[in-house]
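Protein chains in written order, with the working numbering: chain A, 1 to 470; chain B, 1 to 470; chain C, 1 to 470.
For the record, the hints were derived by calculation from the structure and aren't laboratory data. Check the hints yourself; a few may be wrong.
It does not matter which identical chain is meant; a pair holds if it fits inside one copy or across any two.
Stated by the list, open to error - DMTMM-like, lysine to aspartate or glutamate: derived pairs with alpha carbons at most 20 angstroms apart:
#1 Lys321 with Glu346
#2 Lys321 with Asp350
#3 Lys20 with Asp9
#4 Lys144 with Glu50
#5 Lys128 with Asp451
#6 Lys128 with Glu450
#7 Lys326 with Asp350
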Amino acid sequence: MKDYILNEDRFFDPDTSVRKIARELYNEIKNLPIISPHGHVDPKIFVTNEPFPDPSELFLIPDHYIFRMLYSQGIPLESLGIPDKEGSRKVVDSKKIWQLFADNYFLFAGTPSGVWLDYEFSVVFGIKEKLNSTNASIIHDEIKEKLNSPEFLPRALFDRFNIEVLSTTDAATDSLLEHRQIKESGWNARIIPCFRPDALTNLSDPNWKLHLKNLGSLTGSEITSYKGYLTAIEKRREYFKKHGAVSTDHGVLSPYTRKMHITEAEKLFQKALNGDITVDDTNLFTANMLMEMSRMSTEDGLVMQIHPGSFRNHNQVIYDKFGLDKGCDIPMRTEFTQNLQVLLNEYGNDPRLTIIVFTLDETNYSRELAPLAGHYPSMKLGPAWWFHDSIEGMARFRHQVTETAGFYNTVGFNDDTRAFVSIPARHDVARRVDSNYLAGQVAKHIISLEDARMISYQLTYGLVKKAYKL
Amino acid sequence: MKDYILNEDRFFDPDTSVRKIARELYNEIKNLPIISPHGHVDPKIFVTNEPFPDPSELFLIPDHYIFRMLYSQGIPLESLGIPDKEGSRKVVDSKKIWQLFADNYFLFAGTPSGVWLDYEFSVVFGIKEKLNSTNASIIHDEIKEKLNSPEFLPRALFDRFNIEVLSTTDAATDSLLEHRQIKESGWNARIIPCFRPDALTNLSDPNWKLHLKNLGSLTGSEITSYKGYLTAIEKRREYFKKHGAVSTDHGVLSPYTRKMHITEAEKLFQKALNGDITVDDTNLFTANMLMEMSRMSTEDGLVMQIHPGSFRNHNQVIYDKFGLDKGCDIPMRTEFTQNLQVLLNEYGNDPRLTIIVFTLDETNYSRELAPLAGHYPSMKLGPAWWFHDSIEGMARFRHQVTETAGFYNTVGFNDDTRAFVSIPARHDVARRVDSNYLAGQVAKHIISLEDARMISYQLTYGLVKKAYKL
Amino acid sequence: MKDYILNEDRFFDPDTSVRKIARELYNEIKNLPIISPHGHVDPKIFVTNEPFPDPSELFLIPDHYIFRMLYSQGIPLESLGIPDKEGSRKVVDSKKIWQLFADNYFLFAGTPSGVWLDYEFSVVFGIKEKLNSTNASIIHDEIKEKLNSPEFLPRALFDRFNIEVLSTTDAATDSLLEHRQIKESGWNARIIPCFRPDALTNLSDPNWKLHLKNLGSLTGSEITSYKGYLTAIEKRREYFKKHGAVSTDHGVLSPYTRKMHITEAEKLFQKALNGDITVDDTNLFTANMLMEMSRMSTEDGLVMQIHPGSFRNHNQVIYDKFGLDKGCDIPMRTEFTQNLQVLLNEYGNDPRLTIIVFTLDETNYSRELAPLAGHYPSMKLGPAWWFHDSIEGMARFRHQVTETAGFYNTVGFNDDTRAFVSIPARHDVARRVDSNYLAGQVAKHIISLEDARMISYQLTYGLVKKAYKL
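Extracted from the complex, chain A is given alone in its bound form (with noise of 0.2 angstroms):
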């Protein structure tokens, strides 16, 4: 068992000339501050500062990534201690889930989980050995002391990492508590909401009447009518401004726009009231609250994401035992050109806004999204998503998009993750993805080392800040 020190020059070219370059510039950005714009960390770990329990609950138990893989080689999700839908669950045992996982390591090879753990438990941990059937155990418990050490502490690590700002991702409802307590706690974290009201556009979520009755407390009045609604929504997106709030997320099955007249819409929420919507009432009224949500935003100055084209819950047999996200989310093909036109038509020329997308179908970097992205001045390409976080995901989302849109309507990384641990991982793949990006143009001579050097800050740090208004 070699020492598992990481390599230096890991994701870059073996060409020693683009490797080089590649290295040069990754130096000169690899300690830039981590922005954050897009993710799902629990805040919660934040204010009470407590130790992260113990390695399989760090590592594997909040990570579908993981044990999708895992159960994809046919190891039930029961005895990776994962709960099921109640919450509840039969082994609890860290230790027994740590050597299963560590028994099925080598699944990892070649995935972005496999890099991103290598350079948590190296790096973050200072583990000397890759993970093995035999070590297992050791290392559980050598990660399990650190985790009690107080610079294990999600503070510390937080401040570790150098993160400059770091976005959560929020039911429009909710209350933003935790948000309130850090700032209230002193700490100075910039850790912002999101705004992300896709339980209330959604008309076929099962629970719309009770996110809908939530929404009516937090604003003050029950809300009867769309109108109603509307403003109910423009009250929260103020509130949660106030407490950081930069940007708003759409996750849609597709990104269907179409505006309704208000009668129409009004009518559309009546019924919906009465339970009494069929399939493409729920696609007509999402279609439409893009647009009002483009509207808000042109007017209250918050960026838009809009990520389509998951198939949610795809096992049902699993979602019915397990609940949401458990790695059965499946992309599915999504159409953009004639969807987006009638909102890139109404805002998609109004310099108030910025609408980054976001894509699972990689067919659409260079065939929609780069030429819109290089039209509309208010669209812009949101990072490679998600399956495609990856350096192959990364490459590909750059040689394809590049050409036609340029670097500059694109908004550097965001890591859109709920494991915290994993954070400095992905922002190092990314910047090294980048690094060597461009060292491959430089040592083409599309670019001069120079523009590859200012490029490089902007994908790193510039971009990303500009984008979302930090």
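Take the given structure of chain A and dock chains B and C to it, following the hints.
Structure of chains B and C alone, referenced to chain A:
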């Protein structure tokens, strides 16, 4: 004319650091036995074990990869000796055909056919020059002479190729006579059938009722009901299993799956018996039969292969004159996420089942197939298929699949070929491409050399044996 | 500021073994004459042969690749001197526009526009520094001065660019006056028209009846029937042929083809004359006209070009203000296998016909287009087009097309440009990318250097002349 010696480092990355590792990995696995779990070699050649008739008959006439390319450049199929659909043909002068082939051999530059032919000529037949107009006649005679020697008889080649298992593909109503004859001959090669019931499950097949009648004869009673039909199919599967089959094979237009109620299915079956069905009926019935086949596989353990997305016989003019498999099958866009959902929900979590899915639509590698295989325990990804069984095609497969599905949700290589003599050439390309891919990962410090070695063995030998239960 | 000398090895693979071969191949073909069989240069510039007015007018205002990028970053088109659709404009200060362009020149890093401009400035105009805010004014004056010298007159540049054939693109009702004037001037450059009947075949064109009237005037009788319409089109094709045309050009939303019965077509034509048509009618009629155009091509030998998949004038706001071709045409997903089947079944086997197909949807390269072109004798693949006429785009084309279609079912490069001065830059990029692709094949021992040399000549010069019958 330079000597026609294949370069030892062919298909490896030109970068010396990658090439060195690729060579090392390749050398460790290049001599492993060939497992060919899916293909179309005619088993009769091993029964009679007679010499292949002549070079044109061996290389050109059965290989639609080759004559479609010649046809695309304006060379009539008649002039290549391709028999019409009644089996008769005008040109039968092997040497004249061979000359025409040689005159146009330059068309295959950069194609997998070119690469395979180079290997077959050079390695299998020891030809010392590249085929061209001038040497065509000499090479023709040289090959023809060799074909008549004992070392070039089918069984001798089978042994020389180091084939451990060869699966043919056989109609559900095939008697498997040849498989029995091979076994009874005492020659102990493992040549196994694969159960392909398409002609029985595709109601739009003009000969469906004829196939049904054959099914009845083979299973001992006339098929008059859906229930009887299912029972007869189950019997045939059992028969195939007894003759060594480990898998079934399903070529469908789309991977649409849907479970019909037994009454509904029975009704539709009766309509089909009366010849009174619509396109929708046909699609629905095929969708339903994929469900039934999955169920049967959970019961009898046969591995299920699904390969959708080919528009068969696109060129009606050629089809009317020459029949099936004349290079006129054109890929279509294919959708998996929604289409396979019903099947995967019903059987995708069942540890008894293995479903191997192929695609002609590469856009699905990263978008749909890798995420599905990276979650569902039953589903595995078949290798790059047909048009994509090529140097670039196989590389794209690894680059687009690995990060989400890992290596262990793939199933090694299969050659899927009618051209027996091309089998070692094809497996050699696959081994080289995989070695090179892994070498790139090592050179970029994504995986260690140690890991690469283990994975290399798995991709060449381990995974295919496991997936196909060999 | 370093000297602005383009590197001799630009765009070649950094690996020295590949680069060496690429350079060798490139040097052999770099000085071959330019064949430009498809483009949009205004022939009038060669009639008058007057100096180009000024740098902004030459580089920026006619080039929607450039100003759409500036617009995407919030720069109003008005400030760039783009005329509105009536042709009037606010800003006409060339130097002010040029300064704005220079201030934002960094936006083009990594884009083909950037690469072409670098070439034009450096090679065509001998500018010694890269354009930036500081040197904008000086460079403006330097270019302006040159434009007034005899060596920079359009005809002088045409000769200097070593253009053997230049095809323009012309409405079917164009008088071809300029083409005649060029010929009559005694200047012996081969500048030929291309027959583009879209305005006549697209029933949804708001000016369709006006175009029809023009067609009638030009062919000597009012068009009152479908039959008369076809005859008039045939006459115009004949007229174009007499003026040197070798091809027709068809821009369609989708490549849908369908043959209408003559009675059905006549009926629809009458409906269109009465202004009473639906979207379905329009689509059907276009589908039918692709069939008619194929038939005519089998008769008169004009090569047929089909380029589908652009959603024209996506941004209605810009279209209403500035009109066509303002960088708002966005690609759409396109389907070929089913759409082209009717046409290919009727004419795809006809040796008299050549159909060159382009796509904006790269997913079709390996899935549909290469398999179709690799089978049908009539069908060839046009080069990487529009957004994909770039270093990466052209490389993707070769990587995804060659293995199935080979090299000989492609037709060389075309520049498709309005920007006359960019022609040598564009052809140079294509020659470099192809040289590099071939060098990679040689370095990987897929093809021999000898083969690569022959193919390189074909890709640059041989195939385009053959395909367009030049």
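Evaluation of the provided hints:
Proximity of Lys321 and Glu346 under a CA criterion of 20 angstroms is satisfied inter-copy only: 15 angstroms between copies versus 43 angstroms inside one chain copy. Taking CA atoms no more than 20 angstroms apart as the test, Lys321 paired with Asp350 passes between copies only; the shortest distance there is 15 angstroms, against 46 angstroms inside one copy. Taking identical chains as interchangeable, the C-alpha atoms of Lys20 and Asp9 lie at most 20 angstroms apart whether they share a chain (9 angstroms) or sit on different chains (18 angstroms). Taking CA atoms no more than 20 angstroms apart as the test, Lys144 paired with Glu50 passes inside one copy only; the shortest distance there is 13 angstroms, against 69 angstroms between copies.
With identical chains, the CA atoms of Lys128 and Asp451 are at most 20 angstroms apart between copies only, with a shortest distance of 17 angstroms across copies and 38 angstroms within one. In this assembly of identical chains, Lys128 and Glu450 lie within 20 angstroms of each other by CA distance solely across copies; the values are 17 angstroms between and 38 angstroms within a copy. Taking CA atoms no more than 20 angstroms apart as the test, Lys326 paired with Asp350 passes between copies only; the shortest distance there is 17 angstroms, against 39 angstroms inside one copy.
Of the hints listed earlier, there is not a single one the structure fails to meet.
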